[in-house]
Structures are given as structure tokens and as C-alpha cells.
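Protein sequences appear in the order of chains S and W. To convert, note that position 24 of the first sequence is 24 in the numbering used here; the numbers rise steadily by one, no gaps. To convert, note that position 19 of the second sequence is 1019 in the numbering used here; the numbers rise steadily by one, no gaps.
Check the hints yourself; a few may be wrong.
A few chain W residues that face chain S, going by a derived Cβ cut-off under 8 Å, partial list only [claimed, not checked]:
(1) 1045
(2) 1096
(3) 1098
(4) 1099
Hints were generated in silico from the structure; no laboratory data involved. Cβ coordinates follow ideal geometry from the N, Cα and C atoms, glycine included.
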Amino acid sequence: QVQLVQSGAEVKKPGASVKVSCKASGYTFTNYYIHWVRQAPGEGLQWMGVINASGGRTSYAQRFQDRVTMTRDTSTSTFYMELSSLRSEDTAVYYCAGELPSTSRFDSWGQGTLVTVSS
Amino acid sequence: QSALTQPASVSGSPGQSITISCTGTSSDVGNYNLVSWYQQHPGKAPKLMIYEVNRRPSGVSNRFSASKSGNTASLTISGLQAEDEADYYCCSYAGSSTYVFGTGTKVTVL
Chain S
1 QVQLVQSGAE
11 VKKPGASVKV
21 SCKASGYTFT
31 NYYIHWVRQA
41 PGEGLQWMGV
51 INASGGRTSY
61 AQRFQDRVTM
71 TRDTSTSTFY
81 MELSSLRSED
91 TAVYYCAGEL
101 PSTSRFDSWG
111 QGTLVTVSS
Chain W
1001 QSALTQPASV
1011 SGSPGQSITI
1021 SCTGTSSDVG
1031 NYNLVSWYQQ
1041 HPGKAPKLMI
1051 YEVNRRPSGV
1061 SNRFSASKSG
1071 NTASLTISGL
1081 QAEDEADYYC
1091 CSYAGSSTYV
1101 FGTGTKVTVL
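Make a model of the complete structure from these sequences and hints.
Rendered as C-alpha cells:
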């Protein structure tokens, strides 16, 4: 199983962007897909999108299509999720989760990163 | 893509069995045998409990079982224990490399 360690909490103003990182270890980098899932305070899990570590191909949930960008740095085994045009409703814990290709199961999770959007 | 529908809460006494439903559509739950279930304790990351409708990862208790019929998937916890008290989420593949989670169910052990 891959181990995933995320960057620390962030506080951003409305309209700004945030970039959360997720460093992977303990596996062959190209053998995983990394998903991003968020959870607003007191709310449920929301799937945001996925990036293929091997080729960098992405797929995003429609509601985030215009504001999210997922990338990866193969040299450091680190994945990134950038969300732009932040609003208060984006205040949430953001998780990265690992999937072995085509298994459709998220069997490794990062510890979560709290992003607070406040003026 | 709308969230899958789960009951907000389910409760049971220790030793009892409970079942959590997860209702989607013919575009997600009904079209793929790729439903998974996650357990989440307060302040913690989710944990995979079931994948591919009814398969358990190694290390997950056999008290957890699941099934699917049509557009509805179900998770059953048998022999309910205090440690099972948590939030549970279903998740389904929805085509075109996208996924959708359920609304979540809070399980209370009375």
C-alpha cells in the first residue's frame, strides 16, 4: 500500500487559490491513481477528481471542472491539487486517496489538509 | 452528478445487525459492480471496508458484508460492537473515470 502525507493547513481569502500537496511513498510511483476528496465541516465526502501517476491524465467532477487542476511531480513522487476562485463554501478538509489502477477502491488515504476560506 | 442517497442515521444495540442502504441510479450503482464502502471515525481519514460490491480487504472483520440489487447497494454490520460507531459512506464508479459518494450514515451503538 502506498503511504500518503499531505501538506499543512491553509488559510486563504475569497478569490484566492490554494495548492495542496500529497507526497507518496512505499510503492512504484507509476502504479497508482491519486484521487482528491473533500469534506466540508459536518458534511459528507465529495469526490473532486483523479490523476493518473503514469501519464498525468486527469478526470474532474463536473462541479469543479472550471476551478481545479491536478498535477504530479514524478521526480519527488508528489501530487498536487490546486483550487482557484475560492469561496467560503470551499472551507473543508481535503484528502488525497490512492487507487491501484482500475480497481475502483481507495485503499490508502492521506491525513487530510484543512483549507479555511475567510476574509 | 448527484450524491448517492443513504439514511442519515442507523442505530443498534451491541450484538445486533444493522443494514445501511445506498441508492443511486442506472448510471452509477446500477450500471457497475464497483461500489465500495468507507468507515470514518471523527477527525480521521476514511477507511476502505468493502470494494467491488461485496469484497473485503484483508484485515477487515467478516462482520462487515455487502450486496447490491438494482440501483441500491447495502452494507450490513453483524454483531455490532462499540468500535463500529462511526460514519459510513458508499461510493460508486459513475463512468468516464468519475466517482460519486453517498450522503453518509451515522451509525450509533446504543
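Here's how the hints hold up against the structure:
1. Because the smallest distance between the Cβ of residue 1045(W) and any Cβ of chain S comes to about 4 Å, under 8 Å, the interface hint for this residue holds.
2. Because the beta carbon of residue 1096(W) sits about 7 Å from the nearest beta carbon in chain S, less than 8 Å, this interface hint is met.
3. The interface hint given for residue 1098(W) is met, as the beta carbon of that residue sits about 6 Å from the closest beta carbon of chain S, less than 8 Å.
4. Interface restraint check: residue 1099(W) against chain S, minimum CB-CB distance 4 Å, threshold 8 Å, status holds.
The structure is consistent with each of the numbered hints, conforming to all of them.
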